[in-house]
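*Asks:* Residue numbering for the sequence shown follows the numbering used here, beginning at 1 and increasing consecutively.
Source of the hints: derived by calculation from the structure; they are not laboratory data.
Just so we're clear, the structure is a prediction, and the values are computed from it rather than from any experiment.
Certain hints may be false.
Distance windows between CB atoms, simulated [unchecked claim]: (1) Gln138 with Lys86: 35 to 41 Å; (2) Lys86 with Arg65: 34 to 40 Å; (3) Leu108 with His43: 42 to 48 Å; (4) Asp89 with Asp6: 54 to 60 Å; (5) Lys86 with Val38: 42 to 48 Å; (6) Arg62 with Ala149: 23 to 29 Å.
The beta carbon of each residue, even a glycine, is placed where N, CA and C say it ideally should be.
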Amino acid sequence: MGLKGDTEIQTAKGLNRIRKQGAGSRFVHGGSMPQEVVIPVLHVNIKKKQGISEVSVDILNRKSRITTNNQTISFYQSEPVTDKMKGVDMRFGFYDKDGNLLSDSIVLSFNSESKESEQREQKHKFVFKRQLTELNGQEIYLRKEQQIAGSNQFKKLDDIPYKISVLFDAEF
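Given these sequences and hints, build the entire structure.
*Replies:* Right, dumping it as structure tokens:
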């Protein structure tokens with residue numbers, strides 16, 4: 001073949017059978033066949049898994065006014081977690097225009113695999129601080145932040161405006 005290299009290959013040249021009794025003696029091996037000599041080499045390219053995205057989270061009861069010192073918000077995971085959709089951790093809290101936290105802050109995990117939409121809904125009752133009445137008539141914002149994978153840091157996604165219309169202090 002004219003190939004040069006350090007590799008040596010041995011192939012059968014003739015027909016040397018081991019004589020045995022039975023039907024196997026009728027089998028004749030005609031020397032080496034190409035499929036016995038040639039070793040196929042496959043090149044496999046594994047592409048990065050495309051199409052993997054994160055579930056989206058929506059706010060269900062988007063009332064534009066806050067009238068009490070407690071506000072219940074429903075969060076909805078729009079699609080179930082699958083091998084193509086991964087779950088996310090999100091932090092929510094109410095902030096004023098200067099970025100001061102006005103309520104409690106909560107981190108929720110949206111990783112439900114359920115196909116039932118009711119089971120992918122989560123609710124949280126935000127409790128505001130006493131200073132909320134001082135901001136009466138002004139806008140505050142529900143901040144939606146997503147946790148950066150593999151860290152304890154969050155990136156800001158959205159600020160949803162709410163107008164404060166609280167008449168009484170939270171004395172009880």
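*Asks:* Work down the list of hints and note, for each, if the structure agrees.
*Replies:* Results for each hint:
{"no.": "1", "hint": "Gln138 with Lys86: 35 to 41 Å", "result": "holds (38 Å)"}
{"no.": "2", "hint": "Lys86 with Arg65: 34 to 40 Å", "result": "holds (35 Å)"}
{"no.": "3", "hint": "Leu108 with His43: 42 to 48 Å", "result": "holds (45 Å)"}
{"no.": "4", "hint": "Asp89 with Asp6: 54 to 60 Å", "result": "holds (57 Å)"}
{"no.": "5", "hint": "Lys86 with Val38: 42 to 48 Å", "result": "holds (44 Å)"}
{"no.": "6", "hint": "Arg62 with Ala149: 23 to 29 Å", "result": "holds (28 Å)"}
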